[in-house]
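Fit the two chains together into the complex; they arrive one by one in their own frames, and the hints show the way.
Going down the list, the protein sequences come from chains S and C.
When you line the first sequence up against the working numbering, it's residues -12 to 97, in that order.
When you line the second sequence up against the working numbering, it's residues 1477 to 1588, in that order.
Just so you know, these hints were derived from the structure itself, not from any lab.
Take the hints with a grain of salt, since some may be wrong.
Here are a few chain C residues that sit away from chain S, every Cβ distance over 10 Å (derived from the structure) [as the list claims (entries may be wrong)]:
no., residue
1, Ser1483
2, Pro1484
3, Lys1487
4, Ile1488
5, Thr1491
6, Gly1492
7, Asp1514
8, Arg1520
9, Val1541
10, Glu1555
11, Thr1558
12, Arg1559
13, Thr1562
14, Phe1566
15, Gln1581
16, Thr1586
Straight-line Cα separation of at most 30 Å, BS3-like style, residue types lysine-lysine; simulated pairs [to be verified]:
no., chain 1, residue 1, chain 2, residue 2
17, S, Lys56, S, Lys(-10)
18, S, Lys84, S, Lys39
19, C, Lys1546, S, Lys96
20, S, Lys56, C, Lys1533
21, C, Lys1546, S, Lys39
22, S, Lys84, C, Lys1533
23, S, Lys(-10), S, Lys84
24, S, Lys39, S, Lys56
25, S, Lys(-10), S, Lys39
26, C, Lys1533, C, Lys1487
27, C, Lys1546, C, Lys1487
28, C, Lys1546, C, Lys1533
29, S, Lys56, S, Lys84
30, C, Lys1533, S, Lys(-10)
Derived DEER-like restraints, expressed as beta-carbon distance ranges [unchecked claim]:
no., chain 1, residue 1, chain 2, residue 2, range
31, S, Asn17, C, Ser1556, 27 to 33 Å
32, S, Gly16, C, Val1588, 45 to 51 Å
33, C, Leu1515, S, Arg68, 18 to 24 Å
34, C, Thr1496, S, Gln32, 22 to 28 Å
35, S, Gly88, C, Arg1584, 41 to 47 Å
36, C, Gly1516, S, Glu1, 23 to 29 Å
37, C, Gly1516, S, Gln32, 16 to 22 Å
38, C, Thr1575, S, Leu67, 27 to 33 Å
39, S, Ala0, C, Pro1484, 36 to 42 Å
These figures come from a predicted structure and were not determined experimentally.
Each residue gets a CB set at the ideal place from its N, CA and C atoms; glycine is no exception.
Below, each chain spelled out in residue letters.
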Amino acid sequence: DAKTTQPPSMDCAEGRAANLPCNHSTISGNEYVYWYRQIHSQGPQYIIHGLKNNETNEMASLIITEDRKSSTLILPHATLRDTAVYYCIVRVEGGNKLVFGAGTILRVKS
Amino acid sequence: DAGITQSPRYKITETGRQVTLMCHQTWSHSYMFWYRQDLGHGLRLIYYSAAADITDKGEVPDGYVVSRSKTENFPLTLESATRSQTSVYFCASGSLLNTEAFFGQGTRLTVV
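So here's chain C without its partners, still in its complex pose (with noise of 0.2 Å):
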């Protein structure tokens, strides 16, 4: 199916414990993004990255680890988590030929 997937939809880890968070775009956009949003809080940029093997920094990169080798993917991943990473992540992708991003259904991850 076309379109952007987020897996998994919902996970509880533990503190201290890596979890990696995947995007999956079908459409070749060249820009991706993360966000992290929570609770009664607006979205915050994590990293975005404009192509494959590019990525960069966004407001709230600590803690994260990013990595883009093939177009359509775009993991996050947690090195080790944090009570503090507590959150729903957010992934987008987006074109320069189109002005639009197009989100994800988001991923609640629940750091114990």
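This is chain S alone, in the form it adopts within the complex (with noise of 0.2 Å):
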């Protein structure tokens, strides 16, 4: 599975959107771009997943480059409860693998 590299931490202010970076420049055209969070001492929780087309559901956008390298998780309107450790994953779909980073942790600000 491709790696993939993301700042290590972030702030937003409450109520803006939180817009979070990941590079995955050694992707191939058959790994997915997955997103988990980790919110304190909890297992981690899935947020959303695409492959090259850009992506909703009810808690979050992902938008993927053209070239597939990059991507950005979008928390519309970040809250408090959006404080949590962001994990950007590329694997093949339903692969038999899930490698975690390191991550990055997002605080979201009052």
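The structure is reproduced here in structure tokens:
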């Protein structure tokens, strides 16, 4: 699975959009971009995934660049409860391994 | 109740003891995973399983043993616990038809 690079931490004001970047320059054609988050002491939670088209669900939007070498997770209206570590992962859909990197610590501040 | 459950939630054991962490899921997911997370660090994959009787090593398998005799259970055994295995352990499950993995609440293991 391709490796990802994320900033170690980011701050966001409550109510504002949080834009979390991820670089995955070695991504393969059949690898998806997945996002998970981990709120303090809990198990990770799936957020969203995509291949090449932009995706949106009730939690977030995922914007993938045309060359697929980077992506951005957008939380449209961040709340204090969105403070967590966000992990960007690339893997084959339904692939057998799910390998986490260091992630980005997002701090939402009032 | 449907879901994925880990037991025990907290465990203290002595160096050299054998300890088994249990993981049970009710969805009949084919894939199951074990991770460890040390203070201030990310999750590291210990072992994973694609189906009953099929297991494979992850990033940090040394000192751990797994088995998968039934689809719904994936126990993790520390055959001779060491202090370096003090950690929070997370179990997860997923399927080919379902793109997301579901995680348990975690087991906090302390080896003294």
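Status of each hint after checking the structure:
Separation of Ser1483 (chain C) from chain S is adequate, the least Cβ-Cβ distance of about 14 Å exceeding the 10 Å criterion. Every beta carbon of chain S lies more than 10 Å from that of Pro1484 (chain C), the smallest distance being close to 15 Å; the non-interface claim holds. Lys1487 (chain C), annotated as away from the interface, keeps every beta carbon of chain S farther than 10 Å; the closest lies near 16 Å. With a least CB separation of 18 Å from chain S, Ile1488 (chain C) remains clear of the 10 Å interface cut-off, as annotated.
With a least CB separation of 25 Å from chain S, Thr1491 (chain C) remains clear of the 10 Å interface cut-off, as annotated. Here Gly1492 (chain C) stays apart from chain S, with its beta-carbon at least about 28 Å from theirs, past the 10 Å limit. The Cβ of Asp1514 (chain C) lies farther than 10 Å from every Cβ of chain S, with a closest approach of about 12 Å, so its non-interface assignment holds. Not every CB of chain S lies more than 10 Å from the CB of Arg1520 (chain C), the least distance being 8 Å, so the non-interface label is violated.
With a minimum CB-CB distance of about 19 Å to chain S, Val1541 (chain C) clears the 10 Å threshold, and the non-interface call stands. Non-interface call for Glu1555 (chain C) relative to chain S: holds, since the shortest CB-CB distance, roughly 24 Å, exceeds 10 Å. Residue placement check: Thr1558 (chain C) keeps its beta carbon more than 10 Å from all beta carbons of chain S (closest about 23 Å). With a closest Cβ-Cβ approach of about 21 Å to chain S, Arg1559 (chain C) is found to remain outside the 10 Å limit, as its non-interface label requires.
Annotated as non-interface, Thr1562 (chain C) keeps its C-beta farther than 10 Å from every C-beta of chain S; the closest such distance is 16 Å. Its closest Cβ contact with chain S, about 5 Å, brings Phe1566 (chain C) to no more than 10 Å, contrary to its assignment away from the interface. Not every CB of chain S lies more than 10 Å from the CB of Gln1581 (chain C), the least distance being 6 Å, so the non-interface label is violated. Interface exclusion of Thr1586 (chain C) from chain S stands, the closest Cβ pair being 15 Å apart, more than 10 Å.
A C-alpha spacing of about 11 Å is found between Lys56 (chain S) and Lys(-10) (chain S), which places the hinted pair at or below 30 Å, so the restraint holds. With a C-alpha separation of about 21 Å, the suggested pair Lys84 (chain S) and Lys39 (chain S) falls inside the 30 Å cut-off, and the hint holds. With a C-alpha separation of about 46 Å, the suggested pairing of Lys1546 (chain C) with Lys96 (chain S) is violated against the 30 Å cut-off. For the given pair, Lys56 (chain S) sits about 28 Å from Lys1533 (chain C) by alpha-carbon distance, which is consistent with the 30 Å threshold.
Distance check on the hinted pair: Lys1546 (chain C) and Lys39 (chain S) sit about 37 Å apart at the alpha-carbon level, beyond 30 Å; violated. With a CA separation close to 10 Å, the supplied pair Lys84 (chain S) and Lys1533 (chain C) stays within the 30 Å bound. Proposed proximity of Lys(-10) (chain S) and Lys84 (chain S) is supported: the alpha carbons are some 13 Å apart, at most 30 Å. Between the alpha carbons of Lys39 (chain S) and Lys56 (chain S) the distance comes to roughly 10 Å, so the proposed pair stays at or under 30 Å and holds.
Proposed proximity of Lys(-10) (chain S) and Lys39 (chain S) is supported: the alpha carbons are some 17 Å apart, at most 30 Å. With a CA separation close to 24 Å, the supplied pair Lys1533 (chain C) and Lys1487 (chain C) stays within the 30 Å bound. Proposed proximity of Lys1546 (chain C) and Lys1487 (chain C) is supported: the alpha carbons are some 24 Å apart, at most 30 Å. About 18 Å separates the Cα atoms of Lys1546 (chain C) and Lys1533 (chain C), which keeps this hinted pair within 30 Å; it holds.
Taking the CA atoms of Lys56 (chain S) and Lys84 (chain S), the gap is near 21 Å; set against the 30 Å cutoff, the hint holds. This hinted pair checks out: Lys1533 (chain C) and Lys(-10) (chain S) have alpha carbons roughly 19 Å apart, not beyond 30 Å. About 41 Å separates the C-beta atoms of Asn17 (chain S) and Ser1556 (chain C), a value inconsistent with the hinted range of 27 to 33 Å. At about 49 Å, the CB distance of Gly16 (chain S) to Val1588 (chain C) agrees with the hint of 45 to 51 Å.
Separation of Leu1515 (chain C) from Arg68 (chain S) is about 23 Å and conforms to the stated range, judged on CB atoms against 18 to 24 Å. The supplied range of 22 to 28 Å is met by Thr1496 (chain C) and Gln32 (chain S), whose beta-carbon atoms lie about 26 Å from each other. Range check, Gly88 (chain S) to Arg1584 (chain C): about 23 Å between beta-carbon atoms, so the 41 to 47 Å window is missed. Roughly 25 Å separates the CB atoms of Gly1516 (chain C) and Glu1 (chain S), a value that falls within the hinted 23 to 29 Å.
A beta carbon spacing of about 20 Å between Gly1516 (chain C) and Gln32 (chain S) agrees with the range 16 to 22 Å that was offered as a hint. Between Thr1575 (chain C) and Leu67 (chain S) the beta carbons are some 28 Å apart, a value that agrees with the proposed interval 27 to 33 Å. The hint said 36 to 42 Å for the Cβ distance between Ala0 (chain S) and Pro1484 (chain C), and at roughly 40 Å that hint holds.
In summary, the structure is inconsistent with hints 8, 14, 15, 19, 21, 31 and 35 from the numbered list given earlier, while agreeing with the others.
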